[in-house]
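J.: Residue-level listing of the chains:
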Amino acid sequence: MASLNPLQGVLGTRQAAHLLRRTSFKYTKSKVDAMAAQSAADAVSALLAPQPFLMDQPVYDDPATDPVENITWLLPPGLDLPAEDFILRRYVLGWWLNEALHDPGIGHKMTLFFHQHMAISASSASNAMYFDYLNLLHWGSLGNFKKLATKLVLDNAMLRYLNNNENTKNNPNENFAREFFELFTIGKGPQIGPGDYTNYTEDDIVQAAKVLTGFRVLGNRSVSDPETGIPSGIINVNQHDTGNKTFSDKFQGTTITGGGTTLQIIQELNDFVDMIFAQEEVSKLFCRRIYHFFVSRIITDEIESDIIEPLAATMRNNNYEIKPVLQQLFESQHFYDQDDSDNSDEIFGGLIKSPLDTVFQSINFFGLDSQIPSPTLNVARHYGTFYSQTILNHMLSLAGMPLFFPNDVAGYPGYYQEPDYNRQFFNSSTIIARYKLPAMLLTGTRQIGGAPNAPIILKLDIAQWVENSGFFSDASDPYALVQEFLRYTLPEEPSNDRFNYYYLTVFLDNLPPADWTYEWQNYLDTGDDTEVKIPLERLVNAVMYSPEFQTM
Amino acid sequence: MKRRNFLRIAPSAAITPFVVNGYKMRPFANSKIANVLSNCEGLDERALVLIQLKGGNDGVNTLIPIAQYDQYANLRSDIKVPDSGAEAFIPLDNTLPLDDQVGLNPAMTGVKELYDKGWVNIVQGVGYENPNQSHFKSTDLWLSGGDGTSENFSLGTGWMGRSMQSLFPDVLGAPTTAMPDPLGIQIGDPNPSLGFHTETEHQNVINLSGQDPAGFFSLIQTIGGAAMTDIPDSEYGDEISYIMSVEQSVNLYAQRITEVFNAGTNEGNYPAFNLADQPLKQWLD
Chain A
1 MASLNPLQGV
11 LGTRQAAHLL
21 RRTSFKYTKS
31 KVDAMAAQSA
41 ADAVSALLAP
51 QPFLMDQPVY
61 DDPATDPVEN
71 ITWLLPPGLD
81 LPAEDFILRR
91 YVLGWWLNEA
101 LHDPGIGHKM
111 TLFFHQHMAI
121 SASSASNAMY
131 FDYLNLLHWG
141 SLGNFKKLAT
151 KLVLDNAMLR
161 YLNNNENTKN
171 NPNENFAREF
181 FELFTIGKGP
191 QIGPGDYTNY
201 TEDDIVQAAK
211 VLTGFRVLGN
221 RSVSDPETGI
231 PSGIINVNQH
241 DTGNKTFSDK
251 FQGTTITGGG
261 TTLQIIQELN
271 DFVDMIFAQE
281 EVSKLFCRRI
291 YHFFVSRIIT
301 DEIESDIIEP
311 LAATMRNNNY
321 EIKPVLQQLF
331 ESQHFYDQDD
341 SDNSDEIFGG
351 LIKSPLDTVF
361 QSINFFGLDS
371 QIPSPTLNVA
381 RHYGTFYSQT
391 ILNHMLSLAG
401 MPLFFPNDVA
411 GYPGYYQEPD
421 YNRQFFNSST
431 IIARYKLPAM
441 LLTGTRQIGG
451 APNAPIILKL
461 DIAQWVENSG
471 FFSDASDPYA
481 LVQEFLRYTL
491 PEEPSNDRFN
501 YYYLTVFLDN
511 LPPADWTYEW
521 QNYLDTGDDT
531 EVKIPLERLV
541 NAVMYSPEFQ
551 TM
Chain B
553 MKRRNFLRIA
563 PSAAITPFVV
573 NGYKMRPFAN
583 SKIANVLSNC
593 EGLDERALVL
603 IQLKGGNDGV
613 NTLIPIAQYD
623 QYANLRSDIK
633 VPDSGAEAFI
643 PLDNTLPLDD
653 QVGLNPAMTG
663 VKELYDKGWV
673 NIVQGVGYEN
683 PNQSHFKSTD
693 LWLSGGDGTS
703 ENFSLGTGWM
713 GRSMQSLFPD
723 VLGAPTTAMP
733 DPLGIQIGDP
743 NPSLGFHTET
753 EHQNVINLSG
763 QDPAGFFSLI
773 QTIGGAAMTD
783 IPDSEYGDEI
793 SYIMSVEQSV
803 NLYAQRITEV
813 FNAGTNEGNY
823 PAFNLADQPL
833 KQWLD
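Chains as they are written, first to last, in my numbering: chain A, 1 to 552; chain B, 553 to 837.
Since the hints were made in silico from the structure, they are not lab data. We treat Cβ as the ideally placed atom computed from N, Cα and C, and that holds for glycine. Hints should not be assumed to be uniformly reliable.
Derived DEER-like restraints, expressed as beta-carbon distance ranges [claimed, not checked]:
id, chain 1, residue 1, chain 2, residue 2, range
1, A, Glu227, B, Thr774, 16 to 26 angstroms
2, B, Ala659, A, Gln239, 32 to 42 angstroms
3, A, Asn318, B, Gln676, 48 to 58 angstroms
4, B, Glu819, A, Met55, 52 to 62 angstroms
Below 35 angstroms or equal to it, Euclidean Cα-Cα: the simulated DSBU-like pairs (lysine-lysine) are [said to hold, decoys possible]:
id, chain 1, residue 1, chain 2, residue 2
5, B, Lys664, A, Lys188
6, B, Lys606, A, Lys169
7, A, Lys459, A, Lys284
8, A, Lys147, B, Lys669
9, A, Lys147, B, Lys632
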C-alpha cells in the first residue's frame, strides 16, 4: 500500500540525489552530499525556504550595446515602441531563466509548474506584461493556490491571452471562464449528460463568464495589486453584468449576488473563487498535476486513494497553502519508494527529464554557470547570445520544449498529454538535440541546426573539471573515477555489466587501468591534456546520451 | 495489405452518402475525388498526407453557405464576406444541389483551381456524438477517433496508429522487406501526435520536426551508445525500454529517410511560409 508516512533517518546519496533532481535545477554534487547527511524533513524544509532573487528585474546598462539607449527596459507608460518591445522580450525571459538556473531551492521549479498549469505564450503579451505574469507566478508559487488563482484573473497578460479583456455584460466571452474551470481549478470530469461534465455544466460556464465581466487590461502599469505589488488590470464597472448569478447543483445551487461597484465586483470574484474551491475536486486535480509533474506519469487507483486523496485533504485543511502539500509529498516514504518491501522498482528513474531539467542540471553539475556572461556587464551576450539563442532556441526548442511559447493554454504536452506525459519529451525528433548536448558542452559549439559551429558561450574543459572541481576522491584511480561519476549522473547504480561497459569499454577502451593512471600523472606534470581528454570525453558523451541519463 | 486499403474509407465510383462506423458521411462534389482515387493506378506507392492546422478558424467565413446567405449576412453584418464586388466569395460548384453549395473565401483561389481539377474535396460539419466543448479534450477525441460517449471517451490510442497497426501487424518499429519505410512521418510539432499513438509503443512513426532529413542519417550515427542488456524490472526499466525503442527505430529508419529524401528534388517554387517550408515539399515532388 502506497503511503505518505514520513521517511525516517538520513537520506543518503541515492535518495538525496533523487530529491534534488526532481525539485531543483541547481543539481550539484556538493548539494547532494550536504543533503545526504540530512533527514528528508530537514532537506525538504531547506528546499522550500523562500530564496531571494539575484536581481529583482532584468537590467541593461551597457550603453555601447544598448539598442534603445536611455530608456528603461520596461517601456515607460505611453511610449509605444513595438520593435523595441519585441527585442526586449529576451530580457524578461533571460531574467527568469538566470534566476531559475541559480535558484538553490524549489521556487523556480514551482514557478514553471504554475506556468505550465496556467500557461500564457510570451508572443501574446508585451514584455512588461509577461514580466508581471512571471513575477506573479513566482509570488504565488510557494504561497496559496487559491489566492494565486484569484490574482491571475486580473493579470494583464492573462486578460489578454484568454480574451477576458473582451468579456462584457452585452458581449460575453466565455473563453477564460471555460479554462478557469477546466484547466486552472476544478477540471473537467467525465461527460455524464449533454453539457454536464460531472464537476460543472455548460450553464455554469455561462454564469461564470458573467461574474468575470468588466475586467480590463491596463497597459501602463499604473495600478498595482495592493498585496503583491505587481501591476494588474482594472475593473470597469460599466461593463460588468450586475445581475445575480446562479450555479448548478455541482456548486450546491449557489447564487452569487451581483453588484455594480468596484468593491462589489471584487466581492463577487472572491465569492466565485470560494464557491469553486469549496469543491474537493479542486484539491484533487491540483495534487494529480503535482504528482505527474514531480513523481510519475502513472496514477493507479491505489495511488489515487493512498496518495492523491490524503494530499488533497492536507491541501484543504491548510486552506490551499501549497507548502504543506509539497512537504508531505517529498518527505513521504512513497516518494522514495520505501512504502513497500521493494525499494527499487518504482519512482526512481521513472520520469523522463524535460529538456529544461536536462540542460540546466547539466550546466550546474559541471559548474559551467560561472561562464555565463554577466547580466549587467555583458548584457548582449547574457540575454541575447546565451539565454535567447543557446538556451531557448537551441537547447530547449530543438529538444521539443519551446519554453514560454507553448502552443496553447494547456501548456507543454510533456506535462499534460495523456497517456504518455513526460515520454512526450523523448522521441525521434527530440533525440538529436538531447543526445548532442554533451558534444555541445564539450566543444562549446551548437553542433546542430543552421550554424553548427557557432559558439554556445559555455565550454566544458573536462580535464580541468576533473582536476579542480573537487568531485573525485582520486582521479588517478580510473575505477573510482568512473564509479563516482556514474553515482551522481545516473538515477540508479548500474548493474555490473553496465558498469563494465562504462568502465572497461568506454573509459579504458579495454586498456589496462595503469595506462590511465600514467596518463593522468603525465597531465598533472605537464599540463598537456591531449591524452586524458579522450577517455574523459568518451565517458561524458556515453553517459549523457545513455537512456539512463534521460530519466530521473 | 496494400496501402490503398487505407483509403478504402473513400467511396468507390458513384457516390452517395457513405457510412463510417455508423456515421453517415456526405461529401459533396459528388464523387470527384473518389473517382480520381478509384481511377488511379499505382496507389500502392503513394503516401497519404494529413495536414493539421492548429488553432482556430472561422469556418463560416471560409466556406460561405450560399443557400442561407441572407441569414448569414444578417447575423454577421460586420464581418460577412460579400456576395458581390471585388471581395465577393468564389462560388465553388454550381452543379451541386443548392443546399450543398458554398462560396469560398475570396483568398482561396488556389483551392478553387484544385477543386475544378477534381483534386479537392470538402467535408463540412464533421463532429461526434455528445460534443465535449473542451478545446483540448476535443482535439484528443479527434486524434483518437473517439467521441463523447463513455465507451469512446478515453481511447488512449490514435486512429492513425490503430489503422497502421492493423494494416501492418508485422512492422514492429523496424523496417521489413515488405515495408522498408517508417509507417508514418510527423513534421511540424516536435511532440508526437496522439493520432499516431499505439498500445504497443512500437516506434513505427518517425518525428522529423526541426530536423534536416538530408543529414539525418549521418547525424544519427554520431550519437547514442551501446544498448543496455540487463534492463531492470521496474518503472526505471520501463522508461529505459521506451527510450531504447525510440533509439532503435531512429537508427534503423534513418538511412532510408535520408536516401529517399536525397533522391527527390524540388521542382516547384514554394512560398516562404511555415507549412511550405517544411521538408515535406521535397517528398511530395
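J.: Against the structure, test the hints numbered earlier, and report the numbers of the ones violated in rising order.
T.: Per hint list: 1, 5, 7, 8 and 9 violated.
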